[in-house]
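Those sequence lines, one after another, are chains A and B. Each residue of the first sequence is one higher than the one before, counting from 28 in this note's numbering. Each residue of the second sequence is one higher than the one before, counting from 3 in this note's numbering.
Take these hints with a grain of salt, some might be off.
[Stated by the list, open to error] So these bits of chain B aren't anywhere near chain A, every CB distance computed over 10 Å:
1) D31
2) H33
3) G34
4) T53
5) Y57
6) P58
7) R62
8) K83
9) T88
10) L90
11) M105
12) V106
13) A107
[Said to hold, decoys possible] Some chain B residues judged to face chain A by a derived CB distance under 7 Å, without partners named:
14) A43
15) N79
16) F84
17) A111
These are calculated hints, taken from the structure and not from any lab test. None of these values were measured; they are calculated from a predicted model. All C-beta atoms in this analysis are idealised placements derived from N, C-alpha and C, irrespective of residue type, glycine included.
Here is what each chain is made of, one letter per residue.
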Amino acid sequence: MSLFDGRKRELRDEIEGHLRMATADRVAAGATPEDARREAMREFGNVPLVADVTRERWGWGWLESLVQDVRFALRQLWKTPGFTVTAILTLALGIGANTAIFTLVHEVLLKNLPVANPKTLVRLGDHEDCCYLNEVSSSRADSYSIFPYETYKNLRDHTEEFEQLAATQGGLADLTARRASGDAASHSSFGRFVSGNYFATFEVKSYAGRTLTPADDADGAEPVAMLSYRAWQRDYAGDPSVVGSSFYVNTHPVTIVGITPPGFYGDRMTDTPPDLYLPISEEPTLGFYGVRNSPDVGWLFLIGRVKPGVAQEALQEKVSVLLRQSLAQLKGFQTVRGQKLLAKAHVVLTPGGGGIASMQHNTASSLYLLLGLAGLVLLIACANIANLVLARGLARRSEVSIRMALGAARARVMRQMIVESVVLACLGGMAGVMLAYAGTKLLMEVMFTHGSEMPVSALPSLPVLGFAFAVSVLTGLIFGVAPAWMGSREQPANAMRGTNRSTRDKPSLLQRSLVVLQAALSVVLLIGAGLLGKSLDRMQHQNLGLVTNNRVIVDVSPSKAGYKPERLEGLYQQIEDKFHALPGVEHAGLTLYTPLSGSNWNWYVYVQGQPAPMPGKEVTTSFDRASPEYFKAIGQRLIRGRTFTSADTATSPRVAVVNEAFVKKLFKPGEDPIGQHFGANDIKNAGDFEIVGVVEDTRYQSARDLPDPMYFSPMLQQSPSRSTKDLDASLYAGQIVLQMKATTPGLEAQVRKTLASVDPNLSVDHYQMFTEQIEANLTGERMIAHLTLLFGLLALVLAAVGLYGVTAYGVQRQKQEIGIRMALGSTRGGVVGMVLRGAMLQTLAGLIVGIPVAGLCVRYIKSFQSQLYEVANMDASVIAAVVGTLVVAACLAGLVPARRAASVDPARALRAE
Amino acid sequence: MAKSGYQNRIELVQGTLDMLVLKTLQWGDQHGYGISQAIRASSNEVLQVETGSLYPALHRLERAGWVSAEWKKSDANQRAKFYRITALGKKQLANDYERWGKMVATIEAIMSAKERAL
């Protein structure tokens with residue numbers, strides 16, 4: 028079937044009519060019918076050619092011949108199923124990997140929030156430092172992105188350029204929600220405090236009930252909340268009576284007024300979308316820190332919808348002026364130093380269509396690195412298939428020769444071959460899209476802690492399909508053009524002469540170069556994988572200053588259980604006693620947060636007797652709290668002085684334990700830190716704490732960075748300068764640490780029971796081994812290292828297969844030459860050596876090209892990503908391992924064809940003509 | 003006949019075939035063979051239209067909407083594809099003819115110019 032069968036028949040009839048009439052006229056003029064017909068034909072010319080040229084005028088000729096080429100290509104591929112299946116599988120892997128990663132790039136990095144007109148949304152600020160920042164001390168490069176509630180109100184009320192300006196909590200509120208009636212257990216939920224106009228700003232309607240309004244956000248308003256569609260389905264099976272019903276959130280009554288729409292996941296891409304949306308007015312009651320009324324704590328991200336035609340620069344300038352107005356009210360900005368800081372304070376407006384882009388900023392470099400790696404694998408696959416196609420093209424030489432002898436144009440032959448390659452690539456692409464669906468889900472699981480919660484669809488969307496198609500066509504062109512060009516250079520007469528005993532049949536330079544290219548690319552990937560693996564290993568087994576085995580971390584939240592600060596002392600005592608009584612417990616400690624738990628508290632510190640530092644030169648230290656047994660329980664060794672004892676109470680003299688980095692940063696070499704005083708936040712407080720002990724450095728904040736200076740306070744001691752009416756959230760212990768004598772089975776149940784026996788309201792928020800907590804910090808690194816290794820091995824296999832293919836092909840073609848050599852006295856060993864030498868030469872060439880390229884790549888990666896931790900650009904052991912692996916792989920790939928070559932029977936090879 | 007005939011014929015000037023075909027069709031509907039015969043006859047055997055140009059041209063004109071086609075019985079009672087000039091084709095013919103006139107006049111002016119004093 029062709030597209031134009033009817034029209035073609037018509038054209039044939041038209042031409043036939045012409046010839047008949049011309050013949051008839053000549054017969055009428057007296058010619059014999061035969062002469063007349065011949066003369067008419069002669070006058071008409073080349074009938075098929077005229078028909079061809081005429082058909083081209085229909086304007087669809089290219090399509091028709093393309094359809095012809097595709098059909099021919101499919102027929103050819105069908106005839107060689109082995110080749111076709113191999114190629115499609117290889118391509119499916121290559122294109123699938125690229126498509127899977129592109130799906131994530133598209134879904135995570137490129138997509139806007141599912142709200143109306145995302146393009147008119149504008150974010151106030153250009154970074155996502157979170158979640159409670161002191162406005163005076165922790166501004167980053169003076170560009171403000173996270174704001175106090177007071178500042179938000181000032182900005183909202185004085186910018187008519189915004190249709191709406193909404194505020195949303197930087198972090199999440201850790202809540203316990205229970206329906207007043209009909210809910211047996213309470214649900215651990217994440218909440219987010221948002222301004223009353225939040226849903227109006229995003230123009231998001233409720234799925235059921237109503238959305239939050241500014242009235243809900245007013246002081247003294249009835250406490251209400253919106254439940255997310257996801258939580259509604261998950262916890263209440265979509266029960267419609269949830270809307271309007273009362274809940275207890277952290278034991279406080281709250282009415283659920285509505286359900287958010289199904290597609291809405293809040294103001295940012297995240298793997299922990301909020302379950303509850305609460306008005307900011309409820310933050311003093313339900314929030315952990317109660318910071319709504321603290322004008323110096325930034326905790327709100329701002330995002331607004333600008334009116335049409337508003338100039339960004341002018342708005343940015345105006346917002347910055349308003350910010351400085353607000354900040355000027357703070358005491359910290361009223362000093363000389365503060366004035367200088369204030370002058371530099373500003374806001375940068377950024378596009379807000381993607382919402383708060385922390386996920387995008389955190390994952391972009393990893394995703395693009397992965398995309399690059401997958402691209403390399405695909406390139407290797409291309410080289411492999413190009414070789415297959417080349418070998419196939421040589422086998423089809425006579426077919427091409429005949430077609431050219433029959434008058435096929437070179438361009439047409441070449442085009443046909445390229446079409447065949449592209450068809451093959453598209454078939455591989457289709458298989459790849461299916462693989463990509465599974466691959467995307469897998470990637471999400473490894474990349475994100477709660478990958479399944481991500482508002483990301485693994486189903487290929489139109490842009491993803493477009494990407495896969497474009498990659499397929501490009502792939503087909505890459506691996507198809509060279510073989511097609513080679514094939515169409517065929518001299519028709521040459522191949523038709525038949526077999527000839529020449530050395531011309533050895534694998535061509537192009538084929539060998541492709542193998543070298545493959546080897547080089549796999550060297551690059553393997554070296555990358557080796558370095559990343561080494562860096563991961565360094566991070567996992569570096570001296571964290573800790574022995575991690577047999578240590579358990581239990582997350583608790585006394586504030587959620589309703590404890591007031593005055594009841595904490597008794598609670599902590601009880602917890603320590605009860606856990607000590609558990610069999611197998613060596614030490615039991617309490618703390619605000621343990622190493623690499625993801626939490627961090629920062630203060631500026633000032634040492635008594637030292638001059639005030641220059642503005643911007645203040646020393647930031649991390650702050651933590653420790654119970655008497657904490658350091659022993661976590662395994663952080665004491666170096667000098669003492670740790671805390673039960674005598675260090677809320678009312679005893681204020682003491683502190685510092686780490687070595689703290690000593691190094693704040694004291695001169697040789698100076699004795701013990702007995703020195705320092706304070707936090709303001710130089711006025713410099714006499715607050717006396718240093719009684721020094722502990723070794725331990726990585727608390729990040730597995731890759733050197734430990735920050737740190738100081739520890741006893742669980743319940745507060746700075747005397749702190750105003751008593753503010754709640755000091757740092758008094759609430761966040762984690763319990765247990766050091767066990769040995770691995771204890773069933774410990775988790777015992778821990779839960781013990782905690783419940785202290786207070787039934789006190790629940791275990793999270794239970795894990797210390798090693799698990801540390802490893803959770805390295806999931807990203809591990810994933811990248813593992814995927815690179817996977818890609819590297821895939822590349823190695825492809826390269827080995829390629830080398831095998833070319834060598835085997837060479838042996839096949841050189842059978843007669845080998846036969847002659849053996850007839851002339853060459854030994855089997857000599858033949859094996861000859862074949863292996865060829866294979867090894869290509870591998871060596873690959874190494875020579877690959878290693879410097881890998882060096883360049885590593886340097887490039889280091890320039891934008893701190894993926895390589897404490898690893899030199901070129902690590903000798905890694906290179907040695909890669910060289911070894913490649914040589915072994917090449918030996919294996921070369922040995923099989925070499926042995927086949929050695930088994931050639933000279934007599935038979937010579938006979939076979 | 004063929005040889006001497008060839009020598010007397012002249013190649014069609016580029017781009018004039020459309021005009022000649024359309025002009026021929028103004029005298030009435032005609033099939034491809036008829037058109038080629040008509041052009042030859044009205045040029046006193048001087049202009050020979052190659053079929054390799056004629057049929058592609060006819061199909062192109064049809065696609066452009068300047069002619070329409072219909073299968074009809076010919077004088078010899080045979081089925082043939084007859085072309086007919088459309089209103090659009092008539093406009094095009096007028097256009098082509100005007101351009102042609104201008105071109106001939108321009109070329110003539112150059113060719114017949116008297117040598118001028120430098």
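Comparing the hints with the structure gives:
| no. | hint | in the structure |
| --- | --- | --- |
| 1 | D31 | holds, 14 Å |
| 2 | H33 | violated, 7 Å |
| 3 | G34 | violated, 5 Å |
| 4 | T53 | violated, 5 Å |
| 5 | Y57 | violated, 4 Å |
| 6 | P58 | violated, 5 Å |
| 7 | R62 | violated, 4 Å |
| 8 | K83 | violated, 5 Å |
| 9 | T88 | holds, 17 Å |
| 10 | L90 | holds, 17 Å |
| 11 | M105 | holds, 25 Å |
| 12 | V106 | holds, 28 Å |
| 13 | A107 | holds, 32 Å |
| 14 | A43 | violated, 12 Å |
| 15 | N79 | violated, 11 Å |
| 16 | F84 | violated, 10 Å |
| 17 | A111 | violated, 36 Å |
Going down the numbered hints, you'll see the structure goes against 2, 3, 4, 5, 6, 7, 8, 14, 15, 16 and 17, while the others check out.
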